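Student: Since the structure of chain Y is already known, use the hints to place chains E, V and W on it.
Number of protein chains: 4
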Amino acid sequence: MKFKISSSLSYDVVAPTTYFFNILVSKAEGQTILEESIIISPPLFFEEFTLKDSEVRFLKLYVNYGSFTINYTATVEVNETVIDENTLLFSKPLTDIDPEVLPFISPSRHCESDKLMKFALKEFGDFPNQFEKVKAISDWVFKTVEYVGGTTNSSTSACDTIISRQGVCKDFAHLGIALCRALDIPARYLTTYAANLNPPDIHACFEAYLGNQWVAFDPTRLSSPNKMVKIAHAKDASEVAVLIYYGQTICTNMDVQCDGVLG
Amino acid sequence: MKFKISSSLSYDVVAPTTYFFNILVSKAEGQTILEESIIISPPLFFEEFTLKDSEVRFLKLYVNYGSFTINYTATVEVNETVIDENTLLFSKPLTDIDPEVLPFISPSRHCESDKLMKFALKEFGDFPNQFEKVKAISDWVFKTVEYVGGTTNSSTSACDTIISRQGVCKDFAHLGIALCRALDIPARYLTTYAANLNPPDIHACFEAYLGNQWVAFDPTRLSSPNKMVKIAHAKDASEVAVLIYYGQTICTNMDVQCDGVLG
Amino acid sequence: MKFKISSSLSYDVVAPTTYFFNILVSKAEGQTILEESIIISPPLFFEEFTLKDSEVRFLKLYVNYGSFTINYTATVEVNETVIDENTLLFSKPLTDIDPEVLPFISPSRHCESDKLMKFALKEFGDFPNQFEKVKAISDWVFKTVEYVGGTTNSSTSACDTIISRQGVCKDFAHLGIALCRALDIPARYLTTYAANLNPPDIHACFEAYLGNQWVAFDPTRLSSPNKMVKIAHAKDASEVAVLIYYGQTICTNMDVQCDGVLG
Amino acid sequence: MKFKISSSLSYDVVAPTTYFFNILVSKAEGQTILEESIIISPPLFFEEFTLKDSEVRFLKLYVNYGSFTINYTATVEVNETVIDENTLLFSKPLTDIDPEVLPFISPSRHCESDKLMKFALKEFGDFPNQFEKVKAISDWVFKTVEYVGGTTNSSTSACDTIISRQGVCKDFAHLGIALCRALDIPARYLTTYAANLNPPDIHACFEAYLGNQWVAFDPTRLSSPNKMVKIAHAKDASEVAVLIYYGQTICTNMDVQCDGVLG
Chain Y
1 MKFKISSSLS
11 YDVVAPTTYF
21 FNILVSKAEG
31 QTILEESIII
41 SPPLFFEEFT
51 LKDSEVRFLK
61 LYVNYGSFTI
71 NYTATVEVNE
81 TVIDENTLLF
91 SKPLTDIDPE
101 VLPFISPSRH
111 CESDKLMKFA
121 LKEFGDFPNQ
131 FEKVKAISDW
141 VFKTVEYVGG
151 TTNSSTSACD
161 TIISRQGVCK
171 DFAHLGIALC
181 RALDIPARYL
191 TTYAANLNPP
201 DIHACFEAYL
211 GNQWVAFDPT
221 RLSSPNKMVK
231 IAHAKDASEV
241 AVLIYYGQTI
251 CTNMDVQCDG
261 VLG
Chain E
1 MKFKISSSLS
11 YDVVAPTTYF
21 FNILVSKAEG
31 QTILEESIII
41 SPPLFFEEFT
51 LKDSEVRFLK
61 LYVNYGSFTI
71 NYTATVEVNE
81 TVIDENTLLF
91 SKPLTDIDPE
101 VLPFISPSRH
111 CESDKLMKFA
121 LKEFGDFPNQ
131 FEKVKAISDW
141 VFKTVEYVGG
151 TTNSSTSACD
161 TIISRQGVCK
171 DFAHLGIALC
181 RALDIPARYL
191 TTYAANLNPP
201 DIHACFEAYL
211 GNQWVAFDPT
221 RLSSPNKMVK
231 IAHAKDASEV
241 AVLIYYGQTI
251 CTNMDVQCDG
261 VLG
Chain V
1 MKFKISSSLS
11 YDVVAPTTYF
21 FNILVSKAEG
31 QTILEESIII
41 SPPLFFEEFT
51 LKDSEVRFLK
61 LYVNYGSFTI
71 NYTATVEVNE
81 TVIDENTLLF
91 SKPLTDIDPE
101 VLPFISPSRH
111 CESDKLMKFA
121 LKEFGDFPNQ
131 FEKVKAISDW
141 VFKTVEYVGG
151 TTNSSTSACD
161 TIISRQGVCK
171 DFAHLGIALC
181 RALDIPARYL
191 TTYAANLNPP
201 DIHACFEAYL
211 GNQWVAFDPT
221 RLSSPNKMVK
231 IAHAKDASEV
241 AVLIYYGQTI
251 CTNMDVQCDG
261 VLG
Chain W
1 MKFKISSSLS
11 YDVVAPTTYF
21 FNILVSKAEG
31 QTILEESIII
41 SPPLFFEEFT
51 LKDSEVRFLK
61 LYVNYGSFTI
71 NYTATVEVNE
81 TVIDENTLLF
91 SKPLTDIDPE
101 VLPFISPSRH
111 CESDKLMKFA
121 LKEFGDFPNQ
131 FEKVKAISDW
141 VFKTVEYVGG
151 TTNSSTSACD
161 TIISRQGVCK
171 DFAHLGIALC
181 RALDIPARYL
191 TTYAANLNPP
201 DIHACFEAYL
211 GNQWVAFDPT
221 RLSSPNKMVK
231 IAHAKDASEV
241 AVLIYYGQTI
251 CTNMDVQCDG
261 VLG
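So the protein sequences, as listed, match chains Y, E, V and W.
For the first sequence, our numbering assigns the number 1 to the initial residue and increments by one for each residue that follows.
For the second sequence, our numbering assigns the number 1 to the initial residue and increments by one for each residue that follows.
For the third sequence, our numbering assigns the number 1 to the initial residue and increments by one for each residue that follows.
For the fourth sequence, our numbering assigns the number 1 to the initial residue and increments by one for each residue that follows.
The following block holds chain Y by itself, in its conformation from the complex:
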């Protein structure tokens, strides 16, 4: 399926600031960027870079003062993923899985899986296999957490969300990830452009490593795995926020559009 993405972000630069944006579509397997443009007005020097062995494409800018707008557009072809649930039932034992997956079992800033071992075991331990466990986790997050904008901030973590029972897509994702890791199931944070999201915004969900592959789950149920274009994955939002900046700046406008289009 094809997706047309258009993203426009405007900033006032309060003090000289270094910006690292995570808004470019990832060159991940299964999706092909057919066309893409980055236009900054006024024209400003920017760099694109990728950390070693990562698919995350950072956009780096240094701005001294003034205001600017980034307009990003892309057309992306995404192969439909058909998950054969049978292949997910028998997960590899940890000793045999790719070592690169291991960092995604450790707790991270927003996913304190180390505190949730007994919690996860009691709530989800009885499901018969890892796939059923992750499905149950995603359903439980959907059912117990209410989607309410403006109730959380960039310090909110999975344990906070268990208590407050409210949050936005990043909080749903963090809680899902933390509960998977608490059961020794590798899980990672995923940001995406999701088709026809309402309200339109950059979306976050999570992937669990099941039967030797990363499988996406959206505990908000606002989108679903085959209706999204991947931007970045990471241990959690602390590594791939839409914008990480050093300096002082104010976001004055953000428009995100993603539409699924017929072939």
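Treat the hints as calculated values from the structure; they're not laboratory data.
Certain hints may be false.
To be verified - Below 25 Å or equal to it, Euclidean Cα-Cα: the simulated BS3-like pairs (lysine-lysine) are:
1. Y:K60 <-> Y:K92
2. Y:K227 <-> Y:K143
3. E:K92 <-> V:K122
4. Y:K60 <-> W:K27
5. Y:K122 <-> E:K143
6. W:K122 <-> V:K122
7. W:K60 <-> W:K27
8. Y:K60 <-> W:K52
9. Y:K4 <-> Y:K60
10. E:K4 <-> E:K60
11. Y:K60 <-> Y:K27
12. Y:K143 <-> E:K135
13. Y:K143 <-> E:K227
14. Y:K27 <-> Y:K52
15. V:K135 <-> V:K122
16. W:K118 <-> V:K118
17. E:K227 <-> E:K4
18. Y:K122 <-> E:K135
19. Y:K27 <-> W:K52
20. V:K60 <-> V:K92
21. W:K135 <-> W:K92
22. E:K60 <-> Y:K143
23. V:K122 <-> W:K118
24. W:K135 <-> V:K143
25. Y:K135 <-> E:K4
26. V:K227 <-> V:K2
27. Y:K143 <-> E:K52
28. E:K122 <-> Y:K118
29. W:K4 <-> W:K135
30. V:K92 <-> E:K52
31. Y:K52 <-> W:K27
32. W:K143 <-> V:K143
Please read these numbers as outputs of a predicted model, since none were measured by experiment.
Tutor: Relative to the frame of chain Y, chains E, V and W by itself:
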């Protein structure tokens, strides 16, 4: 029913210490102290006092050095409470309840009800009346929290227990109280001598204010309302720990015995 | 000195709500209410009550729907307190102090003194007496915490403020109280009308029990003990917020005025 | 300088367990492994692996039952690092530093730098350059935190340590890292074999990225940069604990020896 209580606590005094014990049976309505003795060896001066409008009987000691043992025995007649559930179904509106009950709706050190409003509403909001809500809370605490000694300390609070899913009787009580208060149901902490408790110890549970009376619930299910002698009630354990002390001391032994005896 | 107080609070009643206001001047020792009026528009039935052995005057209202405004005015004569620092140097040992003071050494919802024992000992343990310790605590809170409106909420506690280093008067007070209690110095929360406060609002500070009396400290330095009229004291703000309500309501306006006037 | 290392760790295997040990000396720049041996008794199959672009050498074992002991010995030549403080005074602006360093500015599980921005700015913001700031941070951690074994666990984070004021080397390191990152100074966790450590154990400290290089600081002052052999660095201990395991096991013995030897 009659209960025979015998409590023996030994301490090493590391530095001069002021002790406030909460181990004497309360002169609460519904229970009569038939006989009682307090023996301290070696003999030490002690005082008993009660805060204004409280039934809590504090035992105050100041000890400079050495070791000591308190032996407390009591025989107590407790009237059986028969709760007529029908009287609990229609709770007074908050505007009409006794103002003295109001402090037990506020959050307290170990019961952060202010953080659990949505949690309590989502889990227990649909039960048809306050009595059913409190029963559901007590059952939920029993089912979700595991009784494990040594996993919590005197700083552990209700929110910690929701995350860790383990604790001892005080933690069960704090969680029950916090969830009641989050639904605007007054609730208080209760310490008791519970008959035939295994292992024998001073017990903690909670009371909710329903239909104009305090009704006891034991979310640990280790005892039950008619098998206990009341020691003290308070907002939470921060106010009525078995021992509050200022100085430095080590508890070297604690034996608690409570037996129900035939008339 | 005389103070003229005028307080106007307006609310929209979203759902039937029971209101408990803490805005009436306390009948505490040292201050005399010369005149006072409470006018609610539209006229609504209200009750004033006081918990046993408390000076806190609650104003209780039950409102079904609509909007209302409370106008409270008072003229209060306050005796100047001259603290003789010499009387504060030798505090009574805990064994000898009035038992009614003891509850103010226990931790409370917003003052987790139990977690701050070592912190308080390391920072303030070396000051030569309790008065010097409390002065040092109040100065330290002033110096380390920044007064920033809108950064905290009704769940914020002393430990949160140590980390965030920002807050409003209630947060400064909670931190001062927690550190006193961590050193076994009784301390309580105090709400006041403070003369010429900028911006005008109901103010919060704290009192420590020193040498047998309660002595006020204002760690925000926005006011000072002889420029305030007492409203209420309590373990912390969870017990005496300006408004505790059960229902659903929105504050649409709040004007507080307090002026010191010549005899 | 040369170091002789000998490490012996024994485990009881309670249930089938996958072990990932971080005890092998790193092949980091500046240190050369002259000889090395890994002996497991009884003999068990193990694998060594390294994550892409990492110097961390994991030792992987899967054990079904029984007990085992790992004996690791190594002789390592470490080049003395002479830090020319002048080179550290002028740090590169963030826009110019190696992107691979950026992940070490983000908060991590045990280093909640996002919560400590104002804290760090108020305490250390006035030091004239990044080198002076990090030195001040390391000194402050040494002075305010007490080294007390057994008071923290694997969930303890920098914010916890600010409150409790106690911990072990990992807690000192986490706090140092969090404060650096809160000032936008990249910082990472470092585990080492430290010569003549008392009591002997695997040590933890931290590195800050200053003037284009990683510079080590030991806020415990139990060792110092030129008396250590590097094992691993990472965002924090959640990624490089001595042992990460999945299963159930008990450590029955741990002997670590590291001696500096003459050429």
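Student: When you check the alpha-carbon spacing of K60 of chain Y and K52 of chain W, does it fall within 25 Å?
Tutor: Holds: K60 of chain Y and K52 of chain W sit about 24 Å apart, inside 25 Å.
Student: Would the pair K122 of chain W and K122 of chain V pass a check requiring their Cα atoms to be no farther apart than 25 Å?
Tutor: Satisfied, since the Cα-Cα distance of roughly 20 Å is no more than 25 Å.
Student: Given the hint that K135 of chain W pairs with K92 of chain W, does the C-alpha gap stay at or below 25 Å?
Tutor: Answer holds: K135 of chain W to K92 of chain W is near 18 Å, not above 25 Å.
Student: For the pair we were handed, K60 of chain Y and K92 of chain Y, check the Cα-Cα distance against 25 Å.
Tutor: 38 Å, violated
Student: Run the distance test for K122 of chain E versus K118 of chain Y: straight-line Cα separation, threshold 25 Å.
Tutor: Holds: K122 of chain E and K118 of chain Y sit about 22 Å apart, inside 25 Å.
Student: Please work out if K92 of chain E and K122 of chain V have their alpha carbons no farther apart than 25 Å.
Tutor: 49 Å, violated
Student: CA of K60 of chain E to CA of K143 of chain Y, is that 25 Å or under?
Tutor: It is violated: about 51 Å lies between the C-alpha atoms, which goes past 25 Å.
Student: Has the given pair, K143 of chain Y with K227 of chain E, been kept, meaning a C-alpha gap of at most 25 Å?
Tutor: 39 Å, violated
Student: Take a quick look at whether K60 of chain V and K92 of chain V sit within 25 Å of each other, Cα to Cα.
Tutor: 38 Å, violated
Student: Straight-line Cα separation of K60 of chain Y and K27 of chain Y no greater than 25 Å?
Tutor: At roughly 18 Å apart (the allowed maximum being 25 Å), K27 of chain Y and K60 of chain Y satisfy the hint.
Student: Given the hinted pair K118 of chain W and K118 of chain V, is their Cα-Cα distance within 25 Å?
Tutor: Distance ~23 Å between K118 of chain W and K118 of chain V Cα, so the pair holds.
Student: Would the hint linking K122 of chain Y and K143 of chain E be met if the CA-CA limit is 25 Å?
Tutor: The given pair, whose Cα atoms are some 10 Å apart, holds under the 25 Å limit.
Comparing the model with each earlier hint shows violations of hints 1, 3, 4, 13, 20, 22, 25, 27, 29; every other hint is respected.
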